[in-house]
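Participant: Residue numbers (the working numbering), protein chains in the order written: chain A, 151 to 256; chain B, 151 to 256; chain C, 56 to 444; chain D, 56 to 444; chain E, 232 to 584; chain F, 232 to 584.
Hints may contain errors.
As the list claims (entries may be wrong) - Computed footprint of chain A on chain F, listed as stretches where at least three residues anywhere in the stretch have a Cβ under 8 Å from a Cβ of chain A:
#1 430 to 444
#2 487 to 493
Said to hold, decoys possible - Below, a list of computed lysine to aspartate or glutamate pairs in the DMTMM-like style, where the Cα atoms sit at most 25 Å apart:
#3 Lys-422(E) / Glu-137(C)
#4 Lys-340(C) / Glu-396(C)
#5 Lys-259(E) / Asp-128(C)
#6 Lys-206(A) / Asp-300(F)
#7 Lys-312(D) / Glu-546(E)
#8 Lys-252(E) / Glu-347(C)
#9 Lys-312(C) / Glu-539(E)
#10 Lys-583(E) / Asp-128(D)
#11 Lys-422(F) / Asp-128(D)
#12 Lys-108(D) / Asp-192(A)
#13 Lys-270(F) / Glu-291(D)
#14 Lys-229(A) / Glu-402(D)
What the hints assert, rightly or not - Over the 12 Å line for every Cβ pair with chain F, so calculated as not near, a few chain E residues:
#15 Leu-268
#16 Glu-324
#17 Ile-427
#18 Pro-448
Source of the hints: derived by calculation from the structure; they are not laboratory data.
This one's a predicted model, so the numbers in the text were calculated from it and none came from an experiment.
Just so you know, even glycine gets a beta-carbon here, dropped at the ideal spot from N, CA and C.
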Amino acid sequence: MPFLDYKGTQLEVDEDGFIADPALWNEDLAKFIAETQEDIKDLTPDHWKLIYYLSKYYKDFGIAPMIRKVCKDTGFELKYIYELFPSGPAKGACKVAGLPKPTGCV
Amino acid sequence: MPFLDYKGTQLEVDEDGFIADPALWNEDLAKFIAETQEDIKDLTPDHWKLIYYLSKYYKDFGIAPMIRKVCKDTGFELKYIYELFPSGPAKGACKVAGLPKPTGCV
Amino acid sequence: MANSETPLLDDLEKGPWPSFVKDMKQAAVKKESARALLGQLEQSFVDNIGHWKHGGIVGVKGYGAGVIGRYSDIPDKFPGVEHFHTMRVNMPAGWFYTTKALRAVCDVWDKHGSGLTNFHGATGDIILLGTSTDHLQPCFDDLAEIGFDLGGSGSAMRTPSACVGPARCEWACFDSLNLLRTVTRTFQGQMHRPMFPYKIKIKISACPNDCVASIARADISVIGTWRGNIQIDQTEVLACAKTMNIQTEVVDLCPTKCMSWDGKALTIDDKECNRCMHCINLMPKALRQAKERGATILVGSKAPIVHGALLSSVVIPFMKMDPPYDEFIEFVNKTFEYWDENGKMRERLGELINRLGMGKFLKAVGLKPLPQMIKRPRANPYYFWREGI
Amino acid sequence: MANSETPLLDDLEKGPWPSFVKDMKQAAVKKESARALLGQLEQSFVDNIGHWKHGGIVGVKGYGAGVIGRYSDIPDKFPGVEHFHTMRVNMPAGWFYTTKALRAVCDVWDKHGSGLTNFHGATGDIILLGTSTDHLQPCFDDLAEIGFDLGGSGSAMRTPSACVGPARCEWACFDSLNLLRTVTRTFQGQMHRPMFPYKIKIKISACPNDCVASIARADISVIGTWRGNIQIDQTEVLACAKTMNIQTEVVDLCPTKCMSWDGKALTIDDKECNRCMHCINLMPKALRQAKERGATILVGSKAPIVHGALLSSVVIPFMKMDPPYDEFIEFVNKTFEYWDENGKMRERLGELINRLGMGKFLKAVGLKPLPQMIKRPRANPYYFWREGI
Amino acid sequence: MATRTDFGPPDYETMLPPIIKKNYGMWKYHERVKPGLLKHVAESGDELYTIRVGSARLLSTDHVREICDVAEKFCGGYVRFTSRHNIEFLVSEKKNVDPLIADLNKRGWPIGGTGHSITNIVHTQGWIHCHTPATDASGIVKAVMDELYDYFGSWKLPGYCRISLACCLNMCGAVHCSDIAILGIHRTVPKLNHEIIRTKCEIPNVIAACPTGAIRPDPANKSVIVNEDRCMYCGNCYTMCPGMPVADPVGGGVSIWVGGKVSNTRSGPAFSRLVIPFLPNTPPRWPETVAAVKNIVEVWAKHARKHERMGEWIERIGWERFFEIAGIPFAEQIIDDFTLASETYRTTAAFKW
Amino acid sequence: MATRTDFGPPDYETMLPPIIKKNYGMWKYHERVKPGLLKHVAESGDELYTIRVGSARLLSTDHVREICDVAEKFCGGYVRFTSRHNIEFLVSEKKNVDPLIADLNKRGWPIGGTGHSITNIVHTQGWIHCHTPATDASGIVKAVMDELYDYFGSWKLPGYCRISLACCLNMCGAVHCSDIAILGIHRTVPKLNHEIIRTKCEIPNVIAACPTGAIRPDPANKSVIVNEDRCMYCGNCYTMCPGMPVADPVGGGVSIWVGGKVSNTRSGPAFSRLVIPFLPNTPPRWPETVAAVKNIVEVWAKHARKHERMGEWIERIGWERFFEIAGIPFAEQIIDDFTLASETYRTTAAFKW
Ligand code: SRM
Ligand code: SRM
Ligand code: SRM
Ligand code: SRM
Ligand code: SF4
Ligand code: SF4
Ligand code: SF4
Ligand code: SF4
Ligand code: SF4
Ligand code: SF4
Ligand code: SF4
Ligand code: SF4
């Protein structure tokens, strides 16, 4: 497992840059991941809206929401989500929001 | 619905002699039903064992136990149950134990 | 009757087919309950709905089965059918009767019931149609007197039945009536005292024509069959050829296409024959089953409640069927045991097998898997590997 | 190599069939990652187990699909395949290439990847087999440069495919390649940005021979068909008769038995023909499909995960298939909509239809029930009565 | 008195006519002499004539006695019934055959039901005795048999055609495997009586009884809730619980199923399949049902090949063609949506227009 | 840089050789000249020759370039691949056909795969690239095709025989509808790593992934429990969750399925069915698997009628007979016990000994 240098500590992430222990997640870490892993310098309110939505949904249901639901609930179109997170809701937004790495068919 | 004269009050039973409101059931009523409906004058300890077993099972699970279970749990053979209650566990014992009338296929 | 009380039913007295209304009226002459039944039925014809209350649980002493309780939902209008329970009376095997026995049954029923009957119920019992609670025990006592016992009902083994078999059919591969007698006698307790998760039925047909529809409506279906070569009498074949087209009617319709006919002789490649009976049915004089005979045992058929109707499926391709039928009785016992132990409330044997898997059933009753048990292998890759690796 | 490091794989260089090991070695000469792959595969041959970690989720900007992430589980041993992602590159319809285009792809892949490919993946894509995370975006950019886009992956519409059709086949009942182009272009978004409950596939075969196996592995299967009479050229029939037995090879094998042959002319009772193609396949010069052509649309096929494999089943017996294919595109859109709205996570269209009922699907996409949609009617009596009574 | 129990039915051996006792298991072949008359020949050379007589099954004791009269006069006091509830007179002396037939004709008792005829309709209780019917049994049977009467006593049909009737989805009998099945169906959801449900029903069993999982518990009320969208009116909950009746004068009616069979001949056993989802209850003669059954019989008779049963014929021509030839409109209910539905879908592009 | 997206694949029209552009949609008929050589004749009279060449599918870029060399030399720089991953050289001038064939022969590239031959084995990634395989793909395919090589370039078979391979139950490809399918299977339950399950897996999805309902939540541990008796090792939970691997060196292996097809010809599309539940993984040449496949091909070739595909032949003779003729022992796993199992049971007394 690779490690990232996060505020002097060694933060464990997997090969795809997802943090190894989702319990460590917080807003600051989100910013750090966004910048180092996703090349997103500034998290706008819309970024945060999506991040909070995902992290709350995961806490409530133990799964990531289906994309259709994400779009419906946030009011964002999928294209726009890709503008916010160019690697997309799964690889990008979920990673920043501290969700476990999406699995299933690729 | 027919009524039985039970200690001066009118006890509602159905055509088959099952009491209309199982909530009214008590030991004394059991004796009364046994005598009037099932022609059983004396309820022996084995009668009671079966009666209590049925009424507890029904309270716990909301259904009458399957016969196999009755035999296993009471240790009574089915033939013996027919000796205790000549009309059998369903028509006889359940009636005396205050369970609702067994339904399903006849 | 100048102004009939049953104008709708009266219409069904007309027409060439025997009229049940006539019989009802005949009984109504003697019996108040039959009269009431006629009235209530007319009412149903008017109302487009049945007029019986739900359920009813009555019986005779020592038995949990054999009587179907029934009460009118308009007893004020038709007090004669306030109680109207039917008794299921176990028929003699093959539905053979002396008139003496039949008359005795009629006498008992005139004494205790409505004077109406079904010869027979769909399961095979004599149905004595309608009596009141107080008559049940006396009626049964009188039936016992003349040698008739009750049949099954409820969560019990049901009255088993068999085709006419060797009594009048040249195709019987074993003695269906004798086997039926053995089964009926062996399982008296299981028939009269419901103890199972649900009903269970056994039906016996002595050849694949299956004249009691056992494959469609018996948890355990016994169907006569044979091994070896169909016996051909070529002289009779030639005789048949005079009245029928052997090529198109017999050979071409053989499902396995294992027959051939050159105008002189009929040949059967018996190894490929699946014993469907078609050719034998069409040429009863010319063709006879092979001499080694027995039965195929199938399990699981039933009507649709709850998970859909099922046909029985093969579990024992061939079993010798000779008295005392120990092997079969042992199989039935093991099957009862497995079902009783594992079946849920109101789960028929076929449904249990579908739920837990045929493999488990086979193991429980000690049978090894054979290709004859399946039409085709599984198409899904979801199988277990139990023997360990 | 005096002492080969891959003795097991070396064995697979022998034998007449083209050897993938040779190709791997060829690539290994140039590419460290190909060399590592060879080593890790040999290790798998020794260990009897794969050596890839679970999952991997990587991609290119703006897309959620098209790349399959993969990491070695023994990277220390084979650092060359520590990252080894494949790219799914959408193939041109019909898998036609100019060598120029092919060479361009090879050049890009030599620059960015292992130098190993699959022509093609089972879904139809060009599979570029193995590169590292940092090369993904540049590789895609270079592919874009030469006009190749990525295909589908994940919970997206997958790269659709079509049979060679009118490009080289006389039996094409519509232009499969043109339709494929339209579908691919119309649904770029749904292919590149997963948004559905699961994967969804469209495959197009221009006649019932179904050379892309669409009926077995496409949520939406398009299969060419026709209405009217098969065109018979009796002269050619007679020519065929010289080299084949028309009676046994064609007429007798017609599943509907609607053909007859008297040694001079072939007759087809087209009303009874089910357009299975058998006769046309055998006599391509003599028989041609009728002139009114179009497609049958079927839905729901898939591999076994989770509820078992399914074949597609007919929902539109006949649809004209002419550009701009609006009717078909509308059908696809409605189907996506229904599935997306009702499908559970990882539930394929066929499974959804099985769960909620074909009737609901038909209603949702605006189709009326037809006997052509079923092999046979229901056998269970559990049906709804929705229109009210 | 200690009641005698478990003695079983009378031994059949005591019920067999002497000719059968003698030749038991030694029959050699049979002939179908004419409709309703079978001749069985034993290895011994003995000949047994069977005359099959149609029966309404619902018999008065007096009618049974009349049967006995006939049997005593011609058959030495022996008679049997068939698995489809017909009466069989067993004649051991050829000379008795014609007089017996004459006697039966005089009584107006129909002779037939053998071979390629339409034999008795196996049926159930209906409004006569059951508590769950969606239609009557005896009434429809009488009406249909009156109409198909000619087919009972003749051999005009290409093959066997077995008609059955059951008055509700419980399908007593073998309607699920009949050439033509007449099946009572309900079309209304149970009308809940919570008081009865609370006091008289075993709720877990009621819930388990529902094939579609439409019933869920309502613990607060000690009752149940029915998801009406999921209910397809099978009435199984009512079987378990008097508080959930489904019968309804308008909702109840008849459905028609075809193509089932039981025998292993040629194509083997098969289920009957839905072709007409609903016909109204129109006593006393159910003309719509009678017409539908007759149409199907006659369409089959006209198109099928010799020995080809309903289902064999339809499977040969295809169901899509059957609906067309029979002039039966296709209805959405015909498309299965229960557990094995996917097996009934058309998973091929080969079908007829 | 703003990446260009959603431009789609190259337009096929730019990839078609001139003869195809000219005669597009106007082909009249074709002939199978000899194994591997097709001749298509257009309404215009133009003739197109196609030479089909077997491919391992896993190609190096250099190999692809070599294909280009050939195509440039003989085919004007055009080439195509088939839906079964063979290479097709499209020759518009007849005179180029023989030289091309000679050239291909020199290279040792197999010509064939048309008509009643055994064409390429459609297959998957196996140990080359996938994370869930129970066996390898390319290795077995090479071993089997080496053994069946003669059938690729000849027409010795009675009909089409399509062989496919998938390395796990996900069945990438169409093995579920192949005449012969080689399918990787696992035989061990997932080895749970609760730490990974807890941190990396969406438990509700993992539970839903199990076809047999073997997984239940273990909320205390934020993990899951697997009912081992119910698990049939499909590996679907592993797809959803890295903490549940099923692969195992001894547990993994190969199963053989037969009788599926795709085309609508005659009998129509059908699923492949299990005949050999397990053969071990024995790289590099999987001799047991190769022998099993070869045996099935040859038994079919010997017994089937002309044009009769594997499944058509077996359905005609009966599966019980197939097991006998093929000498394959019957195994308990062959009897279905999944959701449609009842449809596969023998619901007739008619079968062969
Ligand atoms: C009387 C009879 C019909 C007739 O007119 O002949 C009959 C009548 C009833 N059947 Fe039946 N069944 C009768 C033969 C059958 C058969 C045929 C057979 O046994 O060969 C079947 C189909 C085969 C089978 O068992 O699956 C049959 C399948 C049912 C079912 C559905 C069982 C299933 O598993 O799907 C029920 C419903 C139930 O058990 O709750 C049922 C339930 C009933 C009940 C008890 C109604 C109920 O829900 O409580 C009916 C009582 C009617 C009454 O008031 O008299 N009856 N029932 C038949 C018994 C007569 C006899 O003993 O000879
Ligand atoms: C690459 C390819 C196999 C190949 O070697 O050709 C492939 C490879 C994988 N398939 Fe597949 N599937 C491939 C065509 C198919 C097909 C055939 C088709 O598309 O025509 C099927 C059967 C048809 C179908 O979709 O049902 C197929 C049915 C599956 C399934 C089971 C889906 C189901 O509903 O049953 C899975 C499992 C999943 O989705 O979780 C799966 C999952 C996978 C995954 C992503 C493994 C996983 O569980 O995450 C494999 C990635 C392998 C890798 O590392 O590269 N793959 N997969 C094929 C795609 C190449 C391409 O894009 O051209
Ligand atoms: C008497 C009876 C048996 C009994 O124990 O009561 C009986 C008696 C005979 N059956 Fe049967 N079958 C009887 C019910 C059945 C049934 C059950 C049913 O219909 O419910 C079947 C299965 C029907 C089905 O497949 O749906 C049945 C399917 C046959 C067949 C197969 C016909 C076919 O082609 O599928 C034959 C063979 C034949 O007739 O050629 C047959 C043949 C016979 C023979 C010829 C056997 C013999 O050699 O004696 C008997 C006279 C047949 C006739 O009617 O022409 N019997 N037979 C039953 C008379 C019923 C009735 O009153 O009409
Ligand atoms: C090139 C290709 C289409 C493509 O777009 O790539 C193709 C091309 C042709 N197919 Fe095909 N089929 C092709 C895959 C298929 C498939 C799909 C598969 O195997 O995965 C099928 C379905 C197979 C199945 O049923 O399992 C398929 C079932 C047929 C059939 C029906 C055969 C049958 O009897 O069932 C025909 C008709 C025939 O050959 O008589 C056919 C006929 C043809 C013809 C004769 C059509 C024509 O007139 O050009 C082509 C040459 C056939 C030959 O190989 O002799 N093609 N054909 C595919 C070549 C695959 C390969 O490399 O071997
Ligand atoms: S099942 Fe066979 S043996 Fe029995 S009566 Fe029918 S034809 Fe005869
Ligand atoms: S019994 Fe059936 S399968 Fe056997 S030869 Fe006769 S017709 Fe053919
Ligand atoms: S599916 Fe039909 S049209 Fe397409 S290539 Fe195959 S045979 Fe030709
Ligand atoms: S296409 Fe098939 S069904 Fe039609 S005539 Fe030809 S072989 Fe017969
Ligand atoms: S079919 Fe239904 S209504 Fe008719 S007797 Fe049987 S249970 Fe009663
Ligand atoms: S009638 Fe049938 S479907 Fe409706 S609620 Fe009752 S049991 Fe369920
Ligand atoms: S079949 Fe299974 S192991 Fe093979 S590539 Fe597909 S998903 Fe991977
Ligand atoms: S391997 Fe398959 S069956 Fe076993 S637990 Fe996982 S999902 Fe369930």
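Participant: For each hint, tell me whether it holds in the structure or not.
Facilitator: Evaluated hints:
1. 430 to 444: holds (count 7)
2. 487 to 493: violated (count 0)
3. Lys-422(E) / Glu-137(C): It holds: about 24 Å lies between the C-alpha atoms, which stays within 25 Å.
4. Lys-340(C) / Glu-396(C): Violated, at about 48 Å.
5. Lys-259(E) / Asp-128(C): 55 Å, violated
6. Lys-206(A) / Asp-300(F): Violated - the C-alpha atoms of Asp-300(F) and Lys-206(A) are around 58 Å apart, more than 25 Å.
7. Lys-312(D) / Glu-546(E): 13 Å, holds
8. Lys-252(E) / Glu-347(C): Within the cut-off at roughly 23 Å; holds.
9. Lys-312(C) / Glu-539(E): Distance ~16 Å between Lys-312(C) and Glu-539(E) Cα, so the pair holds.
10. Lys-583(E) / Asp-128(D): 55 Å, violated
11. Lys-422(F) / Asp-128(D): Measuring from Cα to Cα gives roughly 16 Å; hence the hint holds.
12. Lys-108(D) / Asp-192(A): Since the Cα atoms of Lys-108(D) and Asp-192(A) sit roughly 33 Å apart, the hinted pair is violated (cutoff 25 Å).
13. Lys-270(F) / Glu-291(D): It holds: about 17 Å lies between the C-alpha atoms, which stays within 25 Å.
14. Lys-229(A) / Glu-402(D): It holds: about 24 Å lies between the C-alpha atoms, which stays within 25 Å.
15. Leu-268: The claim stands: Leu-268(E) keeps its Cβ more than 12 Å from every Cβ of chain F (closest is about 29 Å).
16. Glu-324: Answer for Glu-324(E): holds, closest chain F Cβ roughly 37 Å.
17. Ile-427: Ile-427(E) clear of chain F: closest Cβ-Cβ about 35 Å, beyond 12 Å.
18. Pro-448: 21 Å, holds
Against the hints set out earlier in the document, violations occur for numbers 2, 4, 5, 6, 10 and 12.
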